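Participant: Heads up: the sequence lines are chains C and G, in that order.
Residues 186 to 378, numbered by the working numbering, are exactly what the first sequence covers, in order.
Residues 6 to 115, numbered by the working numbering, are exactly what the second sequence covers, in order.
Heads up, some of the hints might be wrong.
Said to hold, decoys possible - Only some residues are given here: those of chain G computed to face chain C with a beta carbon under 7 Å:
# : residue
1 : Ala56
2 : Phe78
3 : Val100
Stated by the list, open to error - A few chain G residues that don't get close to chain C, going by computed Cβ distances all over 12 Å:
#  : residue
4  : Ser28
5  : Thr30
6  : Gln31
7  : Gly40
8  : Leu41
9  : Ser46
10 : Gly71
These are calculated hints, taken from the structure and not from any lab test.
For clarity, every value in this text was computed on a predicted model and none was experimentally measured.
Ideal placement from N, C-alpha and C gives every residue a C-beta, glycine not left out.
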Amino acid sequence: MRLAILDSGQSFATKVLFALIRVVSRQPVLDVVKLVKYRADFYGNPMQRVTHEAMRGPSSWSVGNRELMAALVANTNGCDWCTMAHSAVAERAFRDRAKVSAVLSDLETAPIEEPLRATLRTLRKLTREHRLDAADVRALLALGVSREQIEDALAVGFAFNTIARLADAFGFVQPGPRAMEAGAKYLLARGYR
Amino acid sequence: MSDIRQARKALVARILGERGAASPTQRRAAFDNLGLPEPVSRLAEKVAKHAYRITDDDIAAVRIAGFTEDQIFEFVVCAAIGQATRQYEAALAAVEAATGRTGHAPCDPR
Numbered sequence: 186m187r188l189a190i191l192d193s194g195q196s197f198a199t200k201v202l203f204a205l206i207r208v209v210s211r212q213p214v215l216d217v218v219k220l221v222k223y224r225a226d227f228y229g230n231p232m233q234r235v236t237h238e239a240m241r242g243p244s245s246w247s248v249g250n251r252e253l254m255a256a257l258v259a260n261t262n263g264c265d266w267c268t269m270a271h272s273a274v275a276e277r278a279f280r281d282r283a284k285v286s287a288v289l290s291d292l293e294t295a296p297i298e299e300p301l302r303a304t305l306r307t308l309r310k311l312t313r314e315h316r317l318d319a320a321d322v323r324a325l326l327a328l329g330v331s332r333e334q335i336e337d338a339l340a341v342g343f344a345f346n347t348i349a350r351l352a353d354a355f356g357f358v359q360p361g362p363r364a365m366e367a368g369a370k371y372l373l374a375r376g377y378r
Numbered sequence: 006m007s008d009i010r011q012a013r014k015a016l017v018a019r020i021l022g023e024r025g026a027a028s029p030t031q032r033r034a035a036f037d038n039l040g041l042p043e044p045v046s047r048l049a050e051k052v053a054k055h056a057y058r059i060t061d062d063d064i065a066a067v068r069i070a071g072f073t074e075d076q077i078f079e080f081v082v083c084a085a086i087g088q089a090t091r092q093y094e095a096a097l098a099a100v101e102a103a104t105g106r107t108g109h110a111p112c113d114p115r
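Full structure from sequences and hints, please.
Facilitator: Structure, rendered in structure tokens:
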């Protein structure tokens with residue numbers, strides 16, 4: 186990572202926690218965990234409250250669909266680390282690896298329902314162009330996506346338009362597949378708290 | 006539906022609040038991606054618009070200009086949340102324009 190403080194500047198208690206994680210999981214601590222634990226009162230704690238509510242709070246979007254939205258927003262940002270991490274969570278949630286890779290490789294032909302496809306398309310536009318028009322929203326409403334579902338998707342967009350930027354700026358290092366799988370299993374079981 | 010309003014307001018209030026390694030004015034400038042001196046402005050612009058293109062040299066340049074790692078950490082966090090906030094608020098405004106209903110007040114911690 187590009188800032189040494191994220192690796193070596195953690196508090197003593199956090200270093201002990203990381204040692205415990207390494208022993209119990211037999212995997213290295215993921216860089217995203219180092220980020221949220223560093224001076225957690227500044228960024229990690231308040232951000233995790235936002236992310237947990239967006240990803241695991243009440244919503245008519247399933248957890249898998251929200252993780253798929255996260256992966257697509259990360260992918261649109263060009264963030265390989267977050268794309269891989271949240272694809273892994275979505276694959277676990279759906280028990281379907283092919284669906285996630287189909288969405289990321291070609292959203293228009295992926296085997297998903299139209300309201301979800303249109304919502305993902307809208308998130309991709311917001312991520313690329315930094316804005317939406319009323320016409321974009323009306324198009325979603327016409328397909329039967331509710332206002333609440335649109336706002337829930339935008340909350341996922343906020344979280345991952347933040348996290349993807351941080352992962353790339355700080356230079357998160359890609360862990361091995363087993364460490365990423367362990368992370369995905371944890372996020373599916375426990376969420377973002 | 007999920008409700009991130011309070012949590013998001015608290016997040017923005019914290020990163021722009023009094024306590025930090027960089028001054029509140031500097032953190033606000035990073036959040037707004039406006040009015041920062043070089044080379045911090047270049048870093049904030051990259052965080053906001055194409056973070057995947059950030060290199061070791063972008064971070065090193067800010068360090069060489071005399072900023073500490075804690076200040077750089079704060080600039081990057083503020084720039085990322087600032088851009089995500091502008092995207093999110095623009096999208097909510099589009100939702101309101103399409104539905105004619107106000108659901109969210111804009112988030113301004115000042």
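Participant: Each hint needs a verdict: does it hold in this structure or not?
Facilitator: These are the hints, each one checked on the structure:
1. The interface hint given for Ala56 (chain G) holds, since its Cβ lies 4 Å from the closest Cβ of chain C, which is under the 7 Å cut-off.
2. For Phe78 (chain G), the interface hint holds, since its Cβ comes within 7 Å of a Cβ in chain C; the closest pair sits about 6 Å apart.
3. Against a cut-off of 7 Å between C-beta atoms, the interface hint on Val100 (chain G) holds, since the closest Cβ of chain C lies about 5 Å away.
4. No Cβ of chain C approaches the Cβ of Ser28 (chain G) within 12 Å, the least distance being about 14 Å, so the stated non-interface status holds.
5. Taking the minimum C-beta to C-beta distance to chain C, about 17 Å, the non-interface status of Thr30 (chain G) holds against the 12 Å cut.
6. Every Cβ of chain C is farther than 12 Å from the Cβ of Gln31 (chain G); the closest lies at roughly 14 Å, confirming the non-interface assignment.
7. Once the 12 Å rule is applied to beta carbons, Gly40 (chain G) is consistent with being away from chain C; the minimum gap is 19 Å.
8. Residue-level check passed: Leu41 (chain G) sits 15 Å from the nearest beta carbon of chain C, beyond 12 Å.
9. The non-interface label for Ser46 (chain G) is consistent with chain C: the shortest C-beta to C-beta separation is roughly 14 Å, beyond 12 Å.
10. No Cβ of chain C approaches the Cβ of Gly71 (chain G) within 12 Å, the least distance being about 16 Å, so the stated non-interface status holds.
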